[in-house]
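Could you build the full structure based on these sequences and the hints that come with them?
If you read the sequences in order, they're chains A and B. Residue numbering for the first sequence follows the working numbering, starting at 144 and increasing by one per position. Residue numbering for the second sequence follows the working numbering, starting at 144 and increasing by one per position.
Because the hints were derived from the structure by calculation, they are not lab data. No experiment lies behind these values; they were computed from the predicted model shown. Mixed in with the good hints, there may be bad ones.
Any copy, or any two copies together, can satisfy a pair, since identical chains are not distinguished.
[To be verified] Derived lysine-lysine pairs resembling DSSO-like cross-links, with alpha carbons at most 27 Å apart: (1) K417 to K235; (2) K300 to K221; (3) K414 to K235.
Number of protein chains: 2
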Amino acid sequence: MENRKFVLVVHGGAGNIRNEVITADKQREAREGLEEALHAGHALLVAGGSSLDAVEATVKVLENNPMFNAGKGAAFNKAGGIELDAAIMDGKTLSAGAVACVTTIKNPISAARAVMERSPHVMLIGLGADQFADEVGLEIVKPSYFWTPERWEQLKKELKQESHSRTGRRQQSGSEPAPEKHGTVGCVAVDVRGNVAAGTSTGGISSQHVGRVGDAPIIGAGTYASNDGCAVSATGHGEFFMRHVVAHEISCLVKYKGLSVGQAAAHVVQKTLKEAGGSGGVIAVDARGEFAMEFNSQGMYRGYILPDGQPHAYIFREE
Amino acid sequence: MENRKFVLVVHGGAGNIRNEVITADKQREAREGLEEALHAGHALLVAGGSSLDAVEATVKVLENNPMFNAGKGAAFNKAGGIELDAAIMDGKTLSAGAVACVTTIKNPISAARAVMERSPHVMLIGLGADQFADEVGLEIVKPSYFWTPERWEQLKKELKQESHSRTGRRQQSGSEPAPEKHGTVGCVAVDVRGNVAAGTSTGGISSQHVGRVGDAPIIGAGTYASNDGCAVSATGHGEFFMRHVVAHEISCLVKYKGLSVGQAAAHVVQKTLKEAGGSGGVIAVDARGEFAMEFNSQGMYRGYILPDGQPHAYIFREE
Numbered sequence: 144m145e146n147r148k149f150v151l152v153v154h155g156g157a158g159n160i161r162n163e164v165i166t167a168d169k170q171r172e173a174r175e176g177l178e179e180a181l182h183a184g185h186a187l188l189v190a191g192g193s194s195l196d197a198v199e200a201t202v203k204v205l206e207n208n209p210m211f212n213a214g215k216g217a218a219f220n221k222a223g224g225i226e227l228d229a230a231i232m233d234g235k236t237l238s239a240g241a242v243a244c245v246t247t248i249k250n251p252i253s254a255a256r257a258v259m260e261r262s263p264h265v266m267l268i269g270l271g272a273d274q275f276a277d278e279v280g281l282e283i284v285k286p287s288y289f290w291t292p293e294r295w296e297q298l299k300k301e302l303k304q305e306s307h308s309r310t311g312r313r314q315q316s317g318s319e320p321a322p323e324k325h326g327t328v329g330c331v332a333v334d335v336r337g338n339v340a341a342g343t344s345t346g347g348i349s350s351q352h353v354g355r356v357g358d359a360p361i362i363g364a365g366t367y368a369s370n371d372g373c374a375v376s377a378t379g380h381g382e383f384f385m386r387h388v389v390a391h392e393i394s395c396l397v398k399y400k401g402l403s404v405g406q407a408a409a410h411v412v413q414k415t416l417k418e419a420g421g422s423g424g425v426i427a428v429d430a431r432g433e434f435a436m437e438f439n440s441q442g443m444y445r446g447y448i449l450p451d452g453q454p455h456a457y458i459f460r461e462e
Numbered sequence: 144m145e146n147r148k149f150v151l152v153v154h155g156g157a158g159n160i161r162n163e164v165i166t167a168d169k170q171r172e173a174r175e176g177l178e179e180a181l182h183a184g185h186a187l188l189v190a191g192g193s194s195l196d197a198v199e200a201t202v203k204v205l206e207n208n209p210m211f212n213a214g215k216g217a218a219f220n221k222a223g224g225i226e227l228d229a230a231i232m233d234g235k236t237l238s239a240g241a242v243a244c245v246t247t248i249k250n251p252i253s254a255a256r257a258v259m260e261r262s263p264h265v266m267l268i269g270l271g272a273d274q275f276a277d278e279v280g281l282e283i284v285k286p287s288y289f290w291t292p293e294r295w296e297q298l299k300k301e302l303k304q305e306s307h308s309r310t311g312r313r314q315q316s317g318s319e320p321a322p323e324k325h326g327t328v329g330c331v332a333v334d335v336r337g338n339v340a341a342g343t344s345t346g347g348i349s350s351q352h353v354g355r356v357g358d359a360p361i362i363g364a365g366t367y368a369s370n371d372g373c374a375v376s377a378t379g380h381g382e383f384f385m386r387h388v389v390a391h392e393i394s395c396l397v398k399y400k401g402l403s404v405g406q407a408a409a410h411v412v413q414k415t416l417k418e419a420g421g422s423g424g425v426i427a428v429d430a431r432g433e434f435a436m437e438f439n440s441q442g443m444y445r446g447y448i449l450p451d452g453q454p455h456a457y458i459f460r461e462e
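Set out below in structure tokens:
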């Protein structure tokens with residue numbers, strides 16, 4: 144049943160991303176980073192590889208790029224530490240794997256895949272997950288590997304602002320985050336056999352509470368894939384995506400309400416999340432290759448690639 | 144819109160629970176424990192309290208009872224430690240809170256609620272969560288509080304068996320667990336205003352990998368509540384419940400396919416999970432008070448209470 148069609152879609156975070164606030168250099172760097180990731184996934188898919196392999200390879204490229212808030216380049220938490228989350232899911236078998244709050248794994252997306260394939264579990268967190276990754280032979284790095292001067296300056300600035308404007312209890316609702324504050328990378332793909340897969344990886348929110356876990360590693364919230372519905376990877380204000388179980392919700396709208404992927408993604412992002420005050424976006428693809436890149440924030444680093452091998456990368460709304 | 148009707152449903156774990164393998168003393172202890180929990184929830188609901196308050200109070204009673212694998216009585220992980228998970232969700236607002244891998248919080252369900260109401264986050268894990276609970280004034284205990292001789296003996300037995308029958312890689316699929324191995328407690332309720340809520344708490348699987356997180360604290364998997372769909376709390380082989388996003392799936396079948404709570408719970412538990420090899424069960428209730436207690440294992444500790452205040456507690460299939 145090979146249909147020779149395949150699609151791979153990526154995102155590199157959503158937020159208050161406008162032409163006026165991103166330097167030309169950063170824009171170029173982001174587009175190049177997205178294109179490099181798209182090429183990595185395309186190389187596997189064009190050779191008949193699985194969407195699962197393509198998603199992992201693509202997310203790894205984004206994790207290794209300090210431009211994006213995942214792997215190298217991850218945001219620091221309030222205590223000046225790094226806590227990485229990732230998840231991956233196979234839409235053919237509904238197998239899934241996730242890690243959260245890991246600190247020594249170079250590529251959390253590969254750790255998520257190892258949890259899926261080489262443990263009886265779906266989710267491992269903290270030291271137990273770092274230990275597992277070491278045991279199965281994944282590349283382990285010192286926490287200092289993840290340190291980047293940009294993120295460190297960002298944390299210092301935020302902690303300063305926070306001590307200036309302490310307002311007591313913060314809300315689960317909130318305004319659109321600064322472009323550099325949030326950030327997540329993700330990929331969804333469908334291969335020539337019509338199998339979909341999704342993967343997401345993040346360093347979380349800059350200056351977040353120690354131990355905070357967002358939607359990225361939560362199967363159903365930030366990451367989900369089912370051949371019967373669609374594959375989804377999300378980015379944005381994670382708490383809203385968790386409460387609305389966004390990735391699974393989109394897949395259910397496709398499966399049970401007969402909406403197209405584009406309609407389902409638009410409904411959840413532009414209506415459900417927007418009304419709740421949740422800023423961000425999703426990428427999604429179904430088994431027939433229909434895909435969506437939907438966001439309600441000013442911009443979203445995103446792109447897609449088809450069999451022709453031509454990468455398409457976008458940042459702002461009007462592109 | 145007070146309808147004077149309310150319902151509160153509890154579970155205390157599912158598994159290979161048959162008359163022949165549970166002593167008469169244990170059966171009595173379990174029924175009494177379930178009834179005590181039902182009374183605690185009823186007392187609040189009959190006075191016009193919210194389903195959220197009732198769910199928290201009910202789960203606390205089960206957490207404090209060493210009979211059940213949550214709070215005191217939690218199972219030990221492979222390293223001989225305790226790691227507790229819990230989540231709570233308000234079906235009216237879709238607010239949610241969760242903690243995972245906490246080790247010093249007497250009542251993890253209350254920590255989950257504090258995350259929901261007193262932090263900007265939905266999920267906190269590990270030391271960061273323990274610290275947060277301490278900061279907001281929840282009762283902190285030494286890890287030794289959770290130690291029970293039964294669970295310790297169980298761990299020793301399992302580690303011995305494991306070293307005898309090492310089979311290499313274990314699968315995400317598996318056979319029905321021993322009655323004492325898994326275990327989770329949970330509660331769903333609808334109050335007189337027609338608002339639903341769900342809460343779940345667990346000590347995980349005995350001898351589990353350090354850092355393993357199951358479905359209980361995952362919003363959408365083991366715990367979910369929406370007035371538009373239903374409130375669900377699950378128990379069983381958590382990995383299957385995560386991959387099938389069980390709690391949210393049941394709510395979506397109600398919301399989008401027009402199934403009743405009973406039909407939706409039966410479909411997911413007896414068809415989806417059973418075909419996948421996932422053993423366990425769910426309790427669910429909708430805003431009109433229709434409820435379900437559905438399981439595909441030999442038994443499930445469970446019960447419900449209505450405005451008349453008469454508790455109904457069950458263990459086996461034929462009751």
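| So which hints don't hold here, by number, going up? | Checked against the structure, no hint fails, so every one of them is satisfied.
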